[in-house]
Amino acid sequence: MSRTDISIEGLVVRAGSRVILSLNRLAVAPGEVLGVVGPNGAGKTTLLRVCVGLRAPVAGRVTVLGQPVFAPPANRHGRRPARLNGGALTRLRQQIGYVPQELPGHSQMPLTVREVVAIGRTGIAGLLHPLRARDWDIVDQWIDRLGLNQLRDRPFSELSGGEQRKTVLARAMVQEPRLLLLDEPTAYLDPLWRRQIVATLDQLYDQTGMSVVLVSHDWELLPTCCRRVVLLADGRVQAEGAPHEILNRERLAALSP
Amino acid sequence: MDFRFWLPVLCAGALSGTSCALLGVYIVGMRIPSLAVCVAHAALAGAVGGALCGLTGPAMLAPALVAACAVALLLGHAEGRGVQIDANITIGVLFSLSMGLAFLGIGLLGRLGRPDNAVRNLLWGNVNFCRWSDVYFMLGVTAVLAIFVLLFRKELRAIMFSRQHALAAGIPVGLVWTVFLLLTSAALTVNFQTVGGLMIYSLITNPAIAAFQLTRGHGRTLWLAVLLGGLSSLGGFLLAAILDLPTGATIVIVSSALVGAAAWRRARRAHGGNA
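Same order as they appear, the protein sequences are chains C and X.
Residue numbers for the first sequence follow the numbering used here, so the first one is 561 and each next one is one higher.
Residue numbers for the second sequence follow the numbering used here, so the first one is 257 and each next one is one higher.
Isolated chain C (complex conformation) (with noise of 0.2 Å):
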């Protein structure tokens, strides 16, 4: 049996009575970089979130590092897939970097950037127990490769769009995650800044190599080590391979609105 990092088998999701991704089978090996393109509302973003535990499916069997995030139910009384128990979620949730599409904007409390990207190793340090020496270490490490260190002690809220998708970036890579859960890390980016966060992701790559699920729809602009695609439509698979072979315009004209 080959080992996967994520292993995702019959997965149903619904919002209502509509199914919003149907999946029958998906799977990201060790050291991958998938992306997962598609248009709005094609279930990109559910995907993920179904594989970090925040959103439940009405069936189907998904392991995550070898984790079963949700699995079918032990007895055929139960109708929805089990989920994993909540200490052994939040574990699994800090081996892995997942960046939410949202930029948080509501706060109205002046953290500064380090202060943001040390979230990252707050449940790591758990509770009780302050961050280390070697947590703010990591911490300072980070926001430095990722070339923050002017910003280091300005607030959050007052850095543009760019340099807060690279703090949240480096939010999860500060939690040295085994696998890395991007939704639209270049959503409501100028160009510029678009090429720079792709550039950054493929830096990233190269330094760590490890496994990458890259949701975006901005198929266009992916990092070159993205070397397999997904793409989805209507929360079905529409096409898998290389990402030469499967995005082209004709391809995704037909599925624009």
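One thing to keep in mind: the hints can contain errors.
Partial list, derived from the structure: chain C residues whose beta carbon lies under 8 Å from chain X [stated by the list, open to error]:
no.	residue
1	A648
2	R651
3	E675
4	V676
5	I679
6	T682
7	L687
Covered by chain C, according to a simulated footprint, are these stretches of chain X (three or more residues, beta-carbon under 8 Å) [to be verified]:
no.	region
8	405-415
9	419-430
10	447-457
11	468-477
Non-contacting residues of chain C with respect to chain X, defined by C-beta distances greater than 10 Å in every case (computed) [claimed, not checked]:
no.	residue
12	V572
13	S582
14	A634
15	R653
16	G680
17	R705
18	L719
19	V728
20	Y748
These are calculated hints, taken from the structure and not from any lab test.
Think of the CB as a built atom: it goes at the ideal place given N, C-alpha and C, for glycine as much as any other residue.
Since the structure of chain C is already known, use the hints to place chain X on it.
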């Protein structure tokens, strides 16, 4: 001035200022300042319910606390569980419901021929009437709250930034958030019966907002807010004593003036007038 009379008032004001400011940093940080007033008025509805059941004096604190905790947990955990209503709108619904239930209860007390002075005092709360027993209650709750914030400050910082990012980072958000809401309920219930809703709202919102204008970083903001909360209470009290004015009103005015001064200073800094 009768020092023996005013000393507990002074202590209650300072404790109220510091505990509310501590809560305010998180509640205002998450843009839900109305949560405080909503929870406080749920406590009032609970106390009225207790009075209807024949409870009197400090015993009314128990149903008040239960009601406050119930509303705080409902507000804190409704979001993300299929409830498609903005938190501030849910607060509006629950606030009006709490007030409605409280006034209904007060009306029923009158109809049953029972005295309603105790609950009316709760409704308007007056710092000038507090005694040492109230101060001890406030001191206990403030101490527990301060210890909790000290022990869980890194988790609270993450939750305040974004609950989604905190969950993603493997932080047990549900546990920490629930304990925070329960302590918030306890602090607000005790403060409400002593200082009243208006002062609570002012002391939750104003010191935190003023601190957000003046500094950056979690720890510094927390300390500054607590300092400004205490300063608002003591400053307002002294002003009231010197000018013979109502204490609650002067505390609210002093804390509002601090916000104005902080906003002015920040605006000056932003325009390069005073770095």
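Right, here's what the structure says about each hint:
no.	hint	result
1	A648	violated (11 Å)
2	R651	holds (7 Å)
3	E675	holds (6 Å)
4	V676	holds (6 Å)
5	I679	holds (4 Å)
6	T682	holds (5 Å)
7	L687	holds (7 Å)
8	405-415	holds (count 6)
9	419-430	holds (count 10)
10	447-457	violated (count 0)
11	468-477	holds (count 6)
12	V572	holds (18 Å)
13	S582	holds (21 Å)
14	A634	holds (24 Å)
15	R653	violated (4 Å)
16	G680	violated (5 Å)
17	R705	holds (18 Å)
18	L719	holds (12 Å)
19	V728	violated (7 Å)
20	Y748	holds (16 Å)
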